[in-house]
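Listed below are the residues making up each chain.
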Amino acid sequence: MLISCVAYENGKKLADIPVEDISEYVKRPDCFVWVALFEPTREELDEMAEEFELHELAVDDARSGHQRPKLEEYGNSLFAVLQPVEKIKAADGTEELLVGEVDVFVGDNYVLSVRHRTQVGFSAVRARAERERELLKNGSGFVLYALIDSVVDRYFPILDSLETQLEAVEEQIFVRNAARSNIESLYELKRKLMTLKHVVDPLMEAVGKLYGGRVPQVCAGMSEYFRDVFDHLQRLHATIEGIRDMQTTAIQVNLGMINLNETEVTKKLAGWAAIIAVPTLIAGIYGMNFKNMPEYDFTYGYPLSLAAMLGIDLGLYFWFHKIKWL
Amino acid sequence: MLISCVAYENGKKLADIPVEDISEYVKRPDCFVWVALFEPTREELDEMAEEFELHELAVDDARSGHQRPKLEEYGNSLFAVLQPVEKIKAADGTEELLVGEVDVFVGDNYVLSVRHRTQVGFSAVRARAERERELLKNGSGFVLYALIDSVVDRYFPILDSLETQLEAVEEQIFVRNAARSNIESLYELKRKLMTLKHVVDPLMEAVGKLYGGRVPQVCAGMSEYFRDVFDHLQRLHATIEGIRDMQTTAIQVNLGMINLNETEVTKKLAGWAAIIAVPTLIAGIYGMNFKNMPEYDFTYGYPLSLAAMLGIDLGLYFWFHKIKWL
Amino acid sequence: MLISCVAYENGKKLADIPVEDISEYVKRPDCFVWVALFEPTREELDEMAEEFELHELAVDDARSGHQRPKLEEYGNSLFAVLQPVEKIKAADGTEELLVGEVDVFVGDNYVLSVRHRTQVGFSAVRARAERERELLKNGSGFVLYALIDSVVDRYFPILDSLETQLEAVEEQIFVRNAARSNIESLYELKRKLMTLKHVVDPLMEAVGKLYGGRVPQVCAGMSEYFRDVFDHLQRLHATIEGIRDMQTTAIQVNLGMINLNETEVTKKLAGWAAIIAVPTLIAGIYGMNFKNMPEYDFTYGYPLSLAAMLGIDLGLYFWFHKIKWL
Amino acid sequence: MLISCVAYENGKKLADIPVEDISEYVKRPDCFVWVALFEPTREELDEMAEEFELHELAVDDARSGHQRPKLEEYGNSLFAVLQPVEKIKAADGTEELLVGEVDVFVGDNYVLSVRHRTQVGFSAVRARAERERELLKNGSGFVLYALIDSVVDRYFPILDSLETQLEAVEEQIFVRNAARSNIESLYELKRKLMTLKHVVDPLMEAVGKLYGGRVPQVCAGMSEYFRDVFDHLQRLHATIEGIRDMQTTAIQVNLGMINLNETEVTKKLAGWAAIIAVPTLIAGIYGMNFKNMPEYDFTYGYPLSLAAMLGIDLGLYFWFHKIKWL
Amino acid sequence: MLISCVAYENGKKLADIPVEDISEYVKRPDCFVWVALFEPTREELDEMAEEFELHELAVDDARSGHQRPKLEEYGNSLFAVLQPVEKIKAADGTEELLVGEVDVFVGDNYVLSVRHRTQVGFSAVRARAERERELLKNGSGFVLYALIDSVVDRYFPILDSLETQLEAVEEQIFVRNAARSNIESLYELKRKLMTLKHVVDPLMEAVGKLYGGRVPQVCAGMSEYFRDVFDHLQRLHATIEGIRDMQTTAIQVNLGMINLNETEVTKKLAGWAAIIAVPTLIAGIYGMNFKNMPEYDFTYGYPLSLAAMLGIDLGLYFWFHKIKWL
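Chains as they are written, first to last, in my numbering: chain H, 1 to 326; chain L, 1 to 326; chain X, 1 to 326; chain Y, 1 to 326; chain S, 1 to 326.
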């Protein structure tokens, strides 16, 4: 589906143009065309491939989707795969991460973005770009930057929510009987974290090629901006690694808490078992049928025996209490 | 066993040719010969070695098989070892991964592929190559690409099935009493994953030498295609690492679930033990033989004692239920 | 909030100058201006940006704070983000680490430091710089060094206290019943360690660019000093890794101790259970109602049975004691 | 002990020569001398050092032995340390790995090998070298290759046996009550694996310097052969890492099986305890001495009580059986 | 404290000289001065700094001590920090590792060593250097080598003792009831290993700069000797990593043994509980007060009941013995 198709000149929007005129505008110097597609049909993509003379392999990638983030040079043009991540409510009410895909073809005077499986579009990016005319003069390179920047900025709230989740588990981790829910949360956290990691790390590697050293032609002059995006990705990367590290330790600690709890249960079991078993033994003794058991004839034999049971149990109870078994 | 032996010129099939004529066709410019062998005898391989002037060490490797994927230059020719992976049903009904081997000798105007221990051949590759004439004009380099691409593409469904297996375990991981089967699945998964990893990682390293920087002569002009294969291998690699990471965490989590379950069993044991032990104590007390036990003469002594036992047990039961031990 | 704004010439303080005169002093050769801000308003920062012609992206970073340590070149000027760490008492009496931020803009003849969320300022650094005139002649590069050096020096006592904490746990680790508090301390330690690590490692990477090889203009001639800071950061890094490694092992060991303790509790439970159960069995036997039980008529039947119980229990006790179960 | 001392010319054996004539033959062009020593005395080694003008540090290494594999250049000569590994039967019947050492001095026209603590010699290597005259023309470089190749080839059966050992454990790993022997095997496996790893990895690093890039003079022209050895070492390395990885997982899995087993024992204990405790309670109740217990007078009171006990126990047994506790 | 101050010329000792004359001798070509200090006062160090024109930052490091091993170039001079490790008896009789420090300043014609916190000095190094005149002609570079070599050689016996400790644990690791002492030994071993690692690794990195590639002026011509030291450090490094790896596995295995032991205790508990509980049940049954219990009147009722108890118990005992629970 065609979202928009606009020609720009000298940092200024010229006009919305029909798809057929693209190749014409592309020939003009200082002019570039920015086309946005959403889940295009095979025909739409083929048409674009022809207008912009896109490389067959890149078009194949854009058609099939399900790539990992990457950045490839085809001659003077670039092909970038970005993966926006969005939070969605799953059918069972839990929050899931949805990994979309944006394929961006960038040439000297065109940008073509193809969006798959994402709810949020890039109209905000276009609006920003049209506002910042000075930067828009950099042409397609700036648009690429603005798209990547926008995708990366949307990772931060996702990562923040994972950090919050870790903190929530950390507050519960030494609480008794929270082990099962903690371990479920930690595993869930890990799964989401890995999703994010597999999106951030390859993108960081890709963006690293867009500043310093040899830089693709279309991105020249935007070095400081791409470095800024790279820096954001590095922060995301470092935070992910940090959460991952703590999460690993938290699972270990949780295992320790489970085992500690087991010990405490065993102690309780042992303590109460003793408290019941000892009077049972005494009762057993006074249930013996020897003829010659003088206690049987004592007037207070019975209450005394009960008192003995109670006394011993109280002693045991305080003893177990003192050694923290009960 | 000779599968086929075909000469091509300018991207077009010339003819099936007899083995003896190979050296003749190889001399013609713009012409190249593509030979496919399946588990060749020593003599067949020796004959090829002579026709194509293959290096002794490479022929040794192709003869013995059991290599890991690699890519070696011998002067202007290349020797590549690929390892296709196929799913087979083992005798006991379980699914196993079968690692085959394809040794490919590539020279300026010949390609010799030697296939071992695989069920699926490369006739589809040959058909595709003959269809894509423009690309086939690149000669032996394109054939090498097509072979590698085909082997790599077959890894994806295998990896997908491992991902599915992990997801199946993940759904079971917090279910009670599933620990034994989970841990067996996870170990099995790990074994298959390692098989795939040992096939993908060296191939990725090898293919990385075929684009960018200095590239072997026969692969020149195919850079973007080899980069595409490399990109596929990177995706396989990243997915393998991702599964591996989750699988490690899953084993840890499973260990936690086993220990949690142990605690729950201990709690149940303790609870029911108390429920049986307390009335046993009461019965013991009223089995004592003191002369002077007034309760013995109460009309309702017996039912009252039973009622006491029952009452205490109900109390215990609800208490244990409340603290989630029962 | 403006803390100070001073012009220096040839290693000597010229005067406190008003903000409006900055651009004037900056033009003079051999003269440089050092401005310190604390949590500036948007307007204050904008004014500085104009006076010093700072790059928009760097100003954005300084405005939003919450960066990780880094060092970026913008043309001939540098932008450094430092993160001082301070110990504070949390509301609940525990000690927490507070990560502040200092953004430093360095040009040929100016230094602008912007401090966020820290209690301790840098007046000591300014005092030292004004004392060491020879070094201050190096201009803004020396001031950058002095600021970084001061921030890094403050990490050492923090790290020392973490080392002390580890040692405290190590002394408790083989003590019985200390497992819960040990594991809490170890987790807390890990959290603080990660905080420090995320501050030290990126700074180390950043400072590594300031000596050897190509060095930014403003830092030329200070190589040995920046190498010294780098060396300090390496020591911090190595110590952090060392503590981390021991801490991981300590958690594993702690898990072992918990399980050992569980075994000891089970042994105690088993031992005492036997000591109670055996006389209970004997009492049970002599509570049987067979007509023909000769012991019942023995004069010393009862005391003998008690003696047997006691004797067996003593035997059991010493046996369990010998095998270290009791 | 001198094993052999032979002069070669143009790939052909000239003669066994006495040690004193070595320096004479070494001077002849196209001629080289190959000397083999086995655990030489100090004097033997000193004599060789003089004849071949060996570097003091290398001779020191050869004298003391106990090195790790390495390859060092001393001017135009090479000093290589190889470590053959052999399986031996230890005194207690178990199989141990014996790490020997072969120090090889290689110059333009000499090879001196010094063998320590190995049972198998290199006569097979010499025989092979004398057969392959074409290759032997490469002189000392080929001899070095042949020696390394022979040592590396002997690693494969050792590693195969470790792989077999892992597979043996894997077959036992989910079998009940095999945990102790599994864990012992896994630890033993790890120890042997590390022995092999410490021999393979440094050698791989060393051999990597003998092909591609700048290569020592004496090895020039043998690049493809050294690359072949390197490839073998890479396969060994990859297999070792693979076994190691699986072995780590196997230990974790084993720990899980131990804990699972513990849970199963606890369940059995709980089940049988209930089956014994419930009739004990019933018997206790009918051992009470209340005057007014109508059941006592029932004709079938006794058999009915026994029947109740049996019935409840059967019920319990099937219940526990159903929930898989028994 | 000044230990010695000697001038050398052409590999020969000239004379012990007073500190004041140092600057004079330093000016002579072919002459160099070697000064050794032990825990010098501030004044002593300042005097040296002046005589040798040492860099302020290096002197600061030497004054404060507590550095990690490193090697820094200051113009044409070198500053090296070495850390000798010594075994000492701690107050409580255990062996501890004492990490000392030796700071070495090396210039074209001087060597100044400053020793802190070590018991063993370097007189042996001086003696060796004076013996090996040929090497001493290399001047200060050789002295640096001799000092580093001596420090590194002293690491070997320390590491050997750690290896022995690991082997001692390995022999105990599968022995029952050794878990607590094993885990204590393993933790202790890890601590010492990390101490050694933090001394060896940075030194290895530092020495790696003294051979191959660009080498500091004063070390030129000593390449093969520094490579030899590097090789020793690599062996130390590899051995440390090897011990560390085995130690990690040993802790895991130990955890497995603890859990196995727990299971064995639980099995014993269950077995004996059954052996006691079953006759207790029988005695309970024959303690019931039903009027109509024919067994009560059997002449051999009592001995038969005892026989039944004994018989069942024997059966149980052999059963439990067979399944290895007892």
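Source of the hints: derived by calculation from the structure; they are not laboratory data.
Do not rely on the hints blindly, as some may be mistaken.
One copy or any two copies: either way a pair holds, since identical chains are not told apart in the list.
[Unchecked claim] Derived pair list, reagent style PhoX-like, types lysine-lysine, alpha-carbon separation capped at 20 Å:
1) LYS268 / LYS322
2) LYS322 / LYS89
3) LYS137 / LYS322
4) LYS209 / LYS70
5) LYS324 / LYS268
6) LYS87 / LYS197
Now the hints, each set against the structure:
With identical chains, the CA atoms of LYS268 and LYS322 are at most 20 Å apart both within one copy (13 Å) and between copies (16 Å). Proximity of LYS322 to LYS89 under the C-alpha cut-off of 20 Å is found in neither arrangement, the shortest distances being 50 Å within a copy and 33 Å between copies. For the identical chains of this complex, LYS137 and LYS322 are neighbours neither inside a copy (79 Å) nor across copies (70 Å), given an alpha-carbon limit of 20 Å. With identical chains, the CA atoms of LYS209 and LYS70 are at most 20 Å apart both within one copy (11 Å) and between copies (19 Å).
Taking the closest pair of Cα atoms, LYS324 and LYS268 come within 20 Å of each other both inside a single copy (9 Å) and across two copies (15 Å). Proximity of LYS87 and LYS197 under a CA criterion of 20 Å is satisfied intra-copy only: 15 Å inside one chain copy versus 30 Å between copies.
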